[in-house]
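Heads up: the sequence lines are chains A, B and C, in that order. Per our numbering, the first sequence starts with residue 1, numbered consecutively. Per our numbering, the second sequence starts with residue 292, numbered consecutively. Per our numbering, the third sequence starts with residue 458, numbered consecutively.
Errors might be hidden in some of the hints.
Selected chain C positions facing chain A (Cβ under 7 Å, derived; list incomplete) [as the list claims (entries may be wrong)]:
#, residue
1, Phe613
2, Gln679
3, Lys680
4, Gly716
5, Phe751
6, Pro754
7, Lys771
8, Tyr784
9, Glu787
Computed cross-link-like contacts, BS3-like style, restricted to lysine-lysine with a CA-CA straight-line distance of at most 27 Å [claimed, not checked]:
#, chain 1, residue 1, chain 2, residue 2
10, A, Lys101, B, Lys432
11, C, Lys689, A, Lys195
12, C, Lys564, A, Lys146
13, A, Lys146, C, Lys689
14, B, Lys374, A, Lys195
Keep in mind the hints are simulated off the structure, nothing from the lab. These figures come from a predicted structure and were not determined experimentally. C-beta: ideal position from N, C-alpha, C; glycine also.
Here's the letter readout for the chains.
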Amino acid sequence: MCQGNKPVSALVVMVMVIGLAARADCGRQRINVIAKEQEAPADWQTEAWFGRKLAARILGSIPLCDCPAANRYLNLVGSGLALYAPAPGAVFTFGILDSEKVNAYATPGGYIFVTKGAILRMRNEAELAAVLGHEIAHVSCHHMVKSLGLNRHQDSAVGGMAVLVGGTTGSFRQAISQGLEKGLEILFDTGYSRKQELEADRIGMQLAVTAGYRKDGLVNFLKRIHGFEASAAEDDRSHPTWKVRLQQLEASMDGLHQDPGPGQTREERFNEAFAQLFDSDIGDEHNRSSR
Amino acid sequence: MNTRRWMSIAVCLGILLLSGRVFGETIYVHSRIAPLMAGPDLASGKLGELELGSKLEADRLQNGWYHVVSDGKSGWVNRLMVKKYPPVKEKGDQLMGRQHLARRARIRPSSLASTAAARGLRAERNRYNMRLKADYKALEKMESFRVTPQDARCFVMKGSQNVSGQ
Amino acid sequence: MSITAVQGEDGFADDQHYVNVLVGSRAASLGGAYTALADDPSGCYYNPAGIALAPYQSFSASMNVFQRSLKTYEHALADTEGNLHDWEQESSTLLPNFFGVIKNFGKGVLGISYAVPDAINRRQRQSFRNIQSNIAGNPVENFTIDINDSDRTFLFGPSYAVRLSDNLSLGGTLYVYYRDREVVRNQLLQFEQGQHYWINYYETRQDWGLRPILGLIWEPHQKLALGLTAAKTFVTSGKLKQQTTFRDSSADSPYIIDGISYDFSDTDTLYFDSTTTHPSDDQPLSLTLGASYFVSPRLLATMDLSFHQAEDQKEATWNLAAGAEYYLTESIALRLGLYSDRANTPELSSNATNQAEHVDIYGASFGVAVFSQQSSLSLGFGYARGEGEAQIVSDSLTIQDVTIEDLTIYLAAGYSF
Chain A
1 MCQGNKPVSA LVVMVMVIGL AARADCGRQR INVIAKEQEA PADWQTEAWF
51 GRKLAARILG SIPLCDCPAA NRYLNLVGSG LALYAPAPGA VFTFGILDSE
101 KVNAYATPGG YIFVTKGAIL RMRNEAELAA VLGHEIAHVS CHHMVKSLGL
151 NRHQDSAVGG MAVLVGGTTG SFRQAISQGL EKGLEILFDT GYSRKQELEA
201 DRIGMQLAVT AGYRKDGLVN FLKRIHGFEA SAAEDDRSHP TWKVRLQQLE
251 ASMDGLHQDP GPGQTREERF NEAFAQLFDS DIGDEHNRSS R
Chain B
292 MNTRRWMSIA VCLGILLLSG RVFGETIYVH SRIAPLMAGP DLASGKLGEL
342 ELGSKLEADR LQNGWYHVVS DGKSGWVNRL MVKKYPPVKE KGDQLMGRQH
392 LARRARIRPS SLASTAAARG LRAERNRYNM RLKADYKALE KMESFRVTPQ
442 DARCFVMKGS QNVSGQ
Chain C
458 MSITAVQGED GFADDQHYVN VLVGSRAASL GGAYTALADD PSGCYYNPAG
508 IALAPYQSFS ASMNVFQRSL KTYEHALADT EGNLHDWEQE SSTLLPNFFG
558 VIKNFGKGVL GISYAVPDAI NRRQRQSFRN IQSNIAGNPV ENFTIDINDS
608 DRTFLFGPSY AVRLSDNLSL GGTLYVYYRD REVVRNQLLQ FEQGQHYWIN
658 YYETRQDWGL RPILGLIWEP HQKLALGLTA AKTFVTSGKL KQQTTFRDSS
708 ADSPYIIDGI SYDFSDTDTL YFDSTTTHPS DDQPLSLTLG ASYFVSPRLL
758 ATMDLSFHQA EDQKEATWNL AAGAEYYLTE SIALRLGLYS DRANTPELSS
808 NATNQAEHVD IYGASFGVAV FSQQSSLSLG FGYARGEGEA QIVSDSLTIQ
858 DVTIEDLTIY LAAGYSF
């Protein structure tokens with residue numbers, strides 16, 4: 001008996017050590033399941049097709065900001081981050097929405113919007129990158145299609161997205177319009193799940209840091225807008241309570257060992273690119289003071 | 292008799308486990324660029340960059356980083372940027388994609404209608420109908436601001452240079 | 458009493474082993490080493506915690522099994538010329554052995570399953586001539602034995618499992634247990650000098666009960682999973698009907714049974730007895746510890762160690778199972794398993810009579826599974842063999858060598874949606 005205890009306790013210790021060293025992942029997943037999760041080219045295509053329709057409707061509701069230089073700069077920052085995003089089939093397009101509200105949206109396939117109100121409350125490129133990184137993460141994680149139940153691993157046997165595209169009959173058109181309606185509802189009203197939001201925060205931060213930005217961009221931005229947000233809580237139902245987000249973000253930041261130096265804010269070119277935007281906004285005392 | 296039997300079972304299992312060692316884990320880069328780092332964090336030095344679609348053999352995972360060997364160089368790549376299957380090919384699949392879609396769509400045409408119903412999407416629920424007005428002109432304008440990955444890359448590099456003073 | 462008589466009643470059905478028919482296609486071809494895997498509907502049977510780890514929201518699986526078993530009692534009988542004859546029992550069953558569905562429900566996964574973990578359909582139809590008897594100068598000219606036993610255990614019920622954390626899940630199954638057994642045995646001995654010995658025994662038994670199964674899976678590392686299962690069957694109501702018809706005209710003195718004298722020299726005398734009882738013997742607690750090692754997305758190795766408690770006449774015993782699975786491609790998997798099915802009876806002693814047989818069985822299984830987008834189809838084979846000892850002749854010290862050989866073929870289908 002005593003002899004037997006030694007290997008057993010050694011095994012227990014070994015298992016404990018392994019347990020501490022790493023969190024469970026998907027080692028259990030077999031290759032047949034992995035293969036099924038594989039994105040077909042068609043998946044990205046259909047997402048882009050659906051996302052484009054949704055983007056056109058967002059622009060039908062909130063106009064695009066008439067600020068070419070700022071839009072161009074936004075695309076450079078966003079596409080720079082997207083280089084590191086696991087979204088091989090997405091073509092990212094970024095746009096500034098002419099709205100004083102503070103928000104950002106992403107549609108499947110890579111259409112990403114930031115409101116002018118949000119940009120006016122940012123201080124540097126690192127904060128912008130953090131917000132864009134968050135939205136890019138929603139795209140690369142397919143959060144919208146998952147929430148709509150249109151990805152092929154949920155409910156639909158063959159791929160709801162593909163079905164959406166393939167159909168031409170009246171009932172399909174109705175289904176598409178319902179899908180778009182529901183998509184807008186998620187973007188403007190109900191929001192993504194809390195788990196999805198926190199995942200987007202975490203991945204967005206990693207993207208920004210990988211691209212060389214300071215890791216505290218999102219935290220700084222969220223802290224700044226919180227005061228504003230409290231007065232306009234209506235707009236922020238789509239996100240988990242900021243306390244939870246901040247906690248999680250700070251935990252993620254601790255896990256990211258950033259070096260050399262503190263990372264960059266790239267404030268100069270940020271101010272330069274958005275100068276026109278900031279100037280046109282000079283009359284708004286509240287916003288200026290919060291900047 | 293019994294001992295011999297168990298020994299042979301143990302030997303068979305041992306062989307199975309050892310043969311598994313050879314396989315490791317194959318992963319593929321899914322981002323356009325994935326930095327190859329010297330250690331499993333961003334603080335470690337950058338050894339180089341891996342391209343989209345690079346096939347890597349990973350032998351372990353630590354703190355969300357895979358330890359991989361690529362072109363004889365070993366280093367760490369962020370789990371976020373890799374998957375266990377190769378990324379989709381961007382070009383040349385357009386036509387195939389359409390056919391693929393049509394075929395898939397035929398298999399279960401009623402699927403969406405039921406999905407929609409199950410999720411509470413009903414025709415009479417028109418809260419967002421007023422927003423369903425689409426502005427494709429504005430969208431095309433927005434699309435005109437797109438930048439190529441090359442430009443984006445230059446932009447990221449320039450940003451790094453500006454501040455680090457190189 | 459004459460030389461050859463039916464063996465003690467306890468030996469009829471296979472209560473002496475715990476494995477019998479392997480359940481679930483993937484599990485069966487991995488030798489049943491499934492406690493740490495269990496991530497499909499057959500997890501309801503092996504370890505309900507596993508269904509929380511299934512890769513699909515919904516999954517159904519069904520399995521059909523053909524099993525052929527051959528049991529040989531070597532040199533059971535000797536004829537007048539000194540030749541030894543084997544006693545052979547054969548069992549063939551073809552039945553749906555598993556059906557299960559799992560689906561996300563609330564915070565966890567709900568399962569409903571049906572399993573047949575034990576099914577025997579035993580036949581013996583043998584005739585022997587000129588068998589030695591213990592009556593000097595009066596051998597058995599003709600000995601005919603007919604055995605027709607069927608014994609099946611059904612489990613049906615719900616399961617529920619939740620993930621308590623990223624690497625810990627917990628699940629439970631509450632099976633309704635139903636066992637249906639029918640035994641028909643007929644033996645006729647005709648002696649050279651004209652006497653006969655004839656016994657006909659008929660038995661039916663229905664047991665109802667509950668079999669709760671509790672399971673836990675812990676994944677301390679992405680490549681390692683550990684599972685623990687505890688299961689026990691509680692028989693709540695049993696009904697046993699036994700009927701015996703008997704005559705022995707070779708007896709030189711009357712039989713006294715339950716105080717009544719039966720003189721079979723009178724050709725009108727016949728012993729007949731019919732009783733109904735309500736036994737409810739629970740089955741022992743089984744604890745299984747499993748470990749699975751996910752070498753790569755293509756290869757895994759898995760192992761189970763189970764311990765079965767002692768209860769009534771059953772001794773404590775343990776079993777070991779091990780398996781490996783390798784995906785040749787994304788759509789073809791090969792599986793291999795080895796397992797033990799050890800007897801819960803003591804080893805036979807050379808100076809006792811009417812002892813239960815003791816055969817430890819060892820088996821190997823092999824299966825191929827083919828996957829398509831939503832479904833999987835598997836074909837599997839199993840072979841098991843055991844050598845042991847038995848005492849089939851009542852009140853005799855003679856011990857026979859017994860060999861059991863089982864061949865199993867199964868076809869299973871899974872569908873995820």
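Now for the hints, and whether the structure bears them out:
1. Phe613: Hint on Phe613 of chain C: violated, closest Cβ of chain A at ~27 Å, above 7 Å.
2. Gln679: 4 Å, holds
3. Lys680: 4 Å, holds
4. Gly716: Violated, about 53 Å.
5. Phe751: With a minimum Cβ separation of about 4 Å from chain A (threshold 7 Å), the hint on Phe751 of chain C holds.
6. Pro754: Where the cut-off is 7 Å and the nearest Cβ of chain A is about 4 Å from Pro754 of chain C, the hint holds.
7. Lys771: Lys771 of chain C check fails; min Cβ-Cβ to chain A is 24 Å, beyond 7 Å.
8. Tyr784: Given a least distance of 5 Å, the restraint on Tyr784 of chain C holds.
9. Glu787: 4 Å, holds
10. A:Lys101 with B:Lys432: 22 Å, holds
11. C:Lys689 with A:Lys195: Outside the cut-off at roughly 39 Å; violated.
12. C:Lys564 with A:Lys146: The hint holds at about 17 Å.
13. A:Lys146 with C:Lys689: 41 Å, violated
14. B:Lys374 with A:Lys195: 21 Å, holds
When each numbered hint is compared with the structure, violations occur for hints 1, 4, 7, 11, 13.
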